[in-house]
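There are 4 protein chains.
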Amino acid sequence: MEYDFSTKKFTFGLWTVGNTGADPFGANVREKLSPADLVYLLGEVGAYGVNFHDNDLLPIDATPSEANHIKKAFRKALDDTGLVVPMATTNLFFDPIFKDGAFTSSDPKVRAYALQKTMNAIDLGVEFGAEIYVFWGGREGTESDATKDAVTAFKHNREAMNFLTEYVIDNGYNLRFALEAKPNEPRGNIFNATTGNMLAFIETLDHPEMVGVNPEVAHEHMAGLNFTHQVAQALDAGKLFHIDLNDQAFGRYDQDFRFGMVNLKSAFFLVKLLEDYHYSNPASFDAHAFRTEDYEGVKDFARGCMRTYMILADKVKQFNADAEIQAILAKNSAQDPAMTPFFGAYSTDKAAALKAYTFDRKTIAARSLQYEKIDQLTNEILLGVR
Amino acid sequence: MEYDFSTKKFTFGLWTVGNTGADPFGANVREKLSPADLVYLLGEVGAYGVNFHDNDLLPIDATPSEANHIKKAFRKALDDTGLVVPMATTNLFFDPIFKDGAFTSSDPKVRAYALQKTMNAIDLGVEFGAEIYVFWGGREGTESDATKDAVTAFKHNREAMNFLTEYVIDNGYNLRFALEAKPNEPRGNIFNATTGNMLAFIETLDHPEMVGVNPEVAHEHMAGLNFTHQVAQALDAGKLFHIDLNDQAFGRYDQDFRFGMVNLKSAFFLVKLLEDYHYSNPASFDAHAFRTEDYEGVKDFARGCMRTYMILADKVKQFNADAEIQAILAKNSAQDPAMTPFFGAYSTDKAAALKAYTFDRKTIAARSLQYEKIDQLTNEILLGVR
Amino acid sequence: MEYDFSTKKFTFGLWTVGNTGADPFGANVREKLSPADLVYLLGEVGAYGVNFHDNDLLPIDATPSEANHIKKAFRKALDDTGLVVPMATTNLFFDPIFKDGAFTSSDPKVRAYALQKTMNAIDLGVEFGAEIYVFWGGREGTESDATKDAVTAFKHNREAMNFLTEYVIDNGYNLRFALEAKPNEPRGNIFNATTGNMLAFIETLDHPEMVGVNPEVAHEHMAGLNFTHQVAQALDAGKLFHIDLNDQAFGRYDQDFRFGMVNLKSAFFLVKLLEDYHYSNPASFDAHAFRTEDYEGVKDFARGCMRTYMILADKVKQFNADAEIQAILAKNSAQDPAMTPFFGAYSTDKAAALKAYTFDRKTIAARSLQYEKIDQLTNEILLGVR
Amino acid sequence: MEYDFSTKKFTFGLWTVGNTGADPFGANVREKLSPADLVYLLGEVGAYGVNFHDNDLLPIDATPSEANHIKKAFRKALDDTGLVVPMATTNLFFDPIFKDGAFTSSDPKVRAYALQKTMNAIDLGVEFGAEIYVFWGGREGTESDATKDAVTAFKHNREAMNFLTEYVIDNGYNLRFALEAKPNEPRGNIFNATTGNMLAFIETLDHPEMVGVNPEVAHEHMAGLNFTHQVAQALDAGKLFHIDLNDQAFGRYDQDFRFGMVNLKSAFFLVKLLEDYHYSNPASFDAHAFRTEDYEGVKDFARGCMRTYMILADKVKQFNADAEIQAILAKNSAQDPAMTPFFGAYSTDKAAALKAYTFDRKTIAARSLQYEKIDQLTNEILLGVR
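Residue numbers (our numbering), protein chains in the order written: chain W, 192 to 577; chain F, 192 to 577; chain U, 192 to 577; chain Z, 192 to 577.
Bound conformation, chain W alone:
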């Protein structure tokens, strides 16, 4: 069955389809493709856009003429394929200079360099049309908390974010920031470990209105957290500026598997949340193909990510239209006229009335919620037997 991906803003980073299959225990299995080649590959599979770290596009030591050459070829590929660049980001983790962090390094030289590199990378992203700028501080953390004071690290991180929001304003860029949390790897412990930490951190910034989050499935799963709940909080706060879709078993190394690869049910609940709340920013598949694959396998991987999203979106419609499920949900959350006076804005009288009300605890407790039934029906929708 074919799916029309054009109704969604499906994007891939250059580093995802461009991943060469190396890992800590093994060498590259796929030859490196140029940024332009990767854009053509993404065009072939039907993606909407492509994202990049500065150094995915331009090597850190590229000369101006090398940079120019690469950018020209990349631009042409974008034009040829119709792909856009909705998001860009900075690589603040690969180079040895960041061995102990970038914005939170103890070394002021490193912190200053990180700012410089990010300003340049923002310029590059904006040059290609990015309207979302992601921050993933892969090296902002510690192995041993003897080595660095965490409160100071928060302050350093905030200083950097404040500086960079001002830089964006000063340059009149149409750019919002999206902060991406991760609990660990490559650092033993990364600061702002969860999307919740990031949402809280944002509120301490000078320009919180410019800053949202970029939650990633795999990152919350590494901590064994319910990703859908993290995303729901971001939605509730109006902060879901971008999202990274992939998959990952709980409590494991960073796996970055194809969307839905590990757990179709949790993927379904996520898609349901995004569809129900009409999420319309880009959905970026921040994942890579297995090490067993060649570039045909990379295309299988990329198409699989998008197909799974579309299949699950259809299942969401089915779930929302399922009369049996919806009847139970409606019954469970039915308004109760006797209770209505107790909700809404506080008043002294309301509190007094509520305190005076007699609840029949046993009767209320005895209500059947039929959650086993709802969940089993959900499973059967997912399995296509309903």
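Worth flagging that the hints you see were computed from the coordinates, not collected in a lab.
Fair warning: this is a prediction, and the values are worked out from it, not measured in the lab.
Don't take each hint at face value.
If chains are identical, the list can't say which one is meant, so a pair holds when it fits in one copy or spans any two.
[To be verified] Mimicking SDA-like on lysine to any residue, the simulated pairs with C-alpha atoms at most 25 Å apart in a straight line are:
#: 1; residue 1: K346; residue 2: K546
#: 2; residue 1: K346; residue 2: T395
#: 3; residue 1: K223; residue 2: A556
#: 4; residue 1: K490; residue 2: L274
#: 5; residue 1: K346; residue 2: K522
#: 6; residue 1: K263; residue 2: L274
Since the structure of chain W is already known, use the hints to place chains F, U and Z on it.
Chains F, U and Z only, in chain W's frame:
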């Protein structure tokens, strides 16, 4: 060696030393003691204060005269021992009425009852002098996300918190709220899974200034998160209103072990943070004795919690005074006059100057940070061989 | 859609459908049913058999006449419904006497009592026709390894198993043992944490031929392990005497959810293994309904377990008949005539020939395995869109 | 304080002190040293021996003359420093040919090549005196169980081990095998995930007497398992042929930290087990220095591993000599003359006598075990305040 606990505000909940050793696979091993008896036990071991859920003190179905009797005996025990009640909280999880949550239940009757119960419990806490009121929403969550919309749950939770802060203001209580996160257990997934999520949630409330957090070691460890970093963020935000100390292996059921029982090193880094930042609110040992223990063992447990804190606080002084460690840390974070102009408030000129600066990446990267040495010296301080 | 459960030996323990919804943070939500009532409930939902711990059937302090009465009613219910009792087991964890273990307790009185209790429970199981006897040593472990020597614990455990196999032989019982591993909860660490540990332990017993394993999905998932691989090893060793089906997120408290509740894909791979290898011993759903449920919900839960197995068994047939998938698998594992001489029994000449052979590493490495495609097709079979 | 390492067989792999600090998110931070240089470094810090994978010593494409040159320099370094090579192993994971496994690859060419490579690597190890040969099957596993049948994989793995034990016998090598388990990374799931699985697997081999295990702290910790219990089972089975010491937080990526870096208490219990049972095979520190370090930091790392072991070994002596702890332990496990007749070999009479005995469950259950006290005293020994 003896330690003087009186310099710290060490508290225990009635439910901690009063835990009877039951678990999902086993019956009580210790007979239940009365609240007053538990206060005397805490007095004997040298605690500063005692905390309670409403139903730790008063059974949910206590008659007014039963309640009076219990309160009188409890008050007398407090007077006899000199213990105070710095914190109180509501049991919104044990009774079957809360089987699908309290503030986030789909059922408006349950939500209303939860508000009523909390208002009464606040009154009770204030009656005994509590200035901190903790919220742990043990049933606010889902097993299956088919059963409840998480965004709606956030809204319900916020409505409850807003109502209750108004209630406190209306009554002129000197009371602040402290929200306690937990990722799961007893629910499959609990909303606001981490302290970070709670800090973010607070910023969406009507009276954020009245609301802080009560992080608990075990709860963040269940998600394999660095607890010290979570606490650091709360400190950084001025929101560390209370703290629950205990211990727990990562990725396991809720163990609530004696402070320092599992990992002395992570306990040390936590104590270091609290001491370095002069934390002076109560430190509550939210833990219980092993099932193998009688009440003498419960006292061993309680004394052990406090002793370990004091021992680690001494180690913090030693660490802070260790010339070799401090020299490395100072060297690593030394200011660099060439960099100073790039920090502080943003300006167009500053950005331009920074962009124009040439960094010698390789030289900066080559700096030795001596983190293996710092961490090993820390271990040797902890082991008492330095 | 209806499924015919009668082709499978689906069983439930009395403790599963009889679970009253209590947990460490909450009281019972369902009233306790008698063993006979539970048998009728299981008959209604279409189960094949029922299992029990001694004290599920007979309270630990039951008088002979009480026991007789209960057994008579239970027998009648079995006769009325046609259910059988394929498996029985001992409760060696609930009573306070087992607070520090049963067979591995440091106290010889406890070890002796555990043997006595198990002999009696074996008699009871055999009385009702059980041919499999499960051992789950829920209290055999430690919180702190300062309290007990683990090697000694292994010896104690072995002594008990040897004694009890002799008891079975001596009595001429047609009974095999199945050992069930769990990594933790209720103990901080349980000995023989995984099915692998149990398989290894069996080989040190006097009668290994009488002893196999009873792997449980949730228990291996608590350690984040691939359950299918554990079961495969048991199958490979001829030791899969029984299996406990349920579900559980990785790295969490013991959740005992409905089969397939958390992860349909891992459930599918498990069913595939069992079906492909024609597993024909009982499949026991060792799980319980959510705390939100009444007994109608318990029936939904029980039916859901069995339905999910049957649906997945159908998917296994589809997978095995899928020409595209099977072609890739066949291609990947095709025999190579040049290699055939190198396999099979060792010989000096074979080793020499193999050492002399020149492999073209790059060409071999370049083969595309199409694992992304296989896995995505599997997902689409599971989702019912293929 | 200085420690004398010469009483222990402390070894390091070439890949440990030779690790250049690269990880999936970052480039090398330390330049690569030659094998000979690494031996000198190990000599400087006081190690007993050095281990290697074939390709740590000889690049996979080394010409005979290159190989000769490297071996000569390596031999000289060994002679100069007095270091020995107690263990060697095969790299069956780095080259792309092993992208889907070595011994368990679906491709017979890969399986044959893996045998060939291992025979050559065994020859190389024996040439340098190795008496232990480790097998770590880093690529033997799956991401998706749709791609490979696990039972077949076990058979392939067994065939390889049987072939290779015969090879060793045929060549008259004085060499034993030690199998090393790991649950995941770099594969999604690795077969034989725990030491328990390996011990069970060994019993299915043709020459189990030649094969033991090489447990690694970090690998069991990745699955959140108690490492000491895994090692105890290996000791109990006479299979602890080798051990890999390092450290790692539970449920995380493969961290390979300095021994004792994460959890001094679990390291203590491990050292206690090894010392109490007079383990005398090599103890290999399979770890690497932080990415923040230069080669001086690598030496700090290596010395720290050994110092921590020695410090903990001293603590073991103190624990074993602590009268208060030992008195409690003795009391808890005291023999009971009334029970003695019930233990030892089974007999019909013994079973009958035991069944007839009346146990006073409540009295036995009421015994205080003082485990909180034992554990707190252990903590205070560890902290050096007792």
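Going down the list of hints, with the structure as the test:
1. For the identical chains of this complex, K346 and K546 are inter-copy neighbours only, at 22 Å across copies versus 45 Å inside a copy, given an alpha-carbon limit of 25 Å.
2. In the homo-oligomer, the alpha carbons of K346 and T395 lie at most 25 Å apart both inside one protomer (10 Å) and across protomers (22 Å), since each shortest distance falls under that limit.
3. For the identical chains of this complex, K223 and A556 are inter-copy neighbours only, at 16 Å across copies versus 61 Å inside a copy, given an alpha-carbon limit of 25 Å.
4. In this assembly of identical chains, K490 and L274 lie within 25 Å of each other by CA distance solely inside one copy; the values are 16 Å within and 51 Å between copies.
5. Taking the closest pair of Cα atoms, K346 and K522 come within 25 Å of each other only across two copies (19 Å); inside a single copy the shortest separation is 49 Å, beyond that limit.
6. With identical chains, the CA atoms of K263 and L274 are at most 25 Å apart within one copy only, with a shortest distance of 15 Å there and 57 Å across copies.
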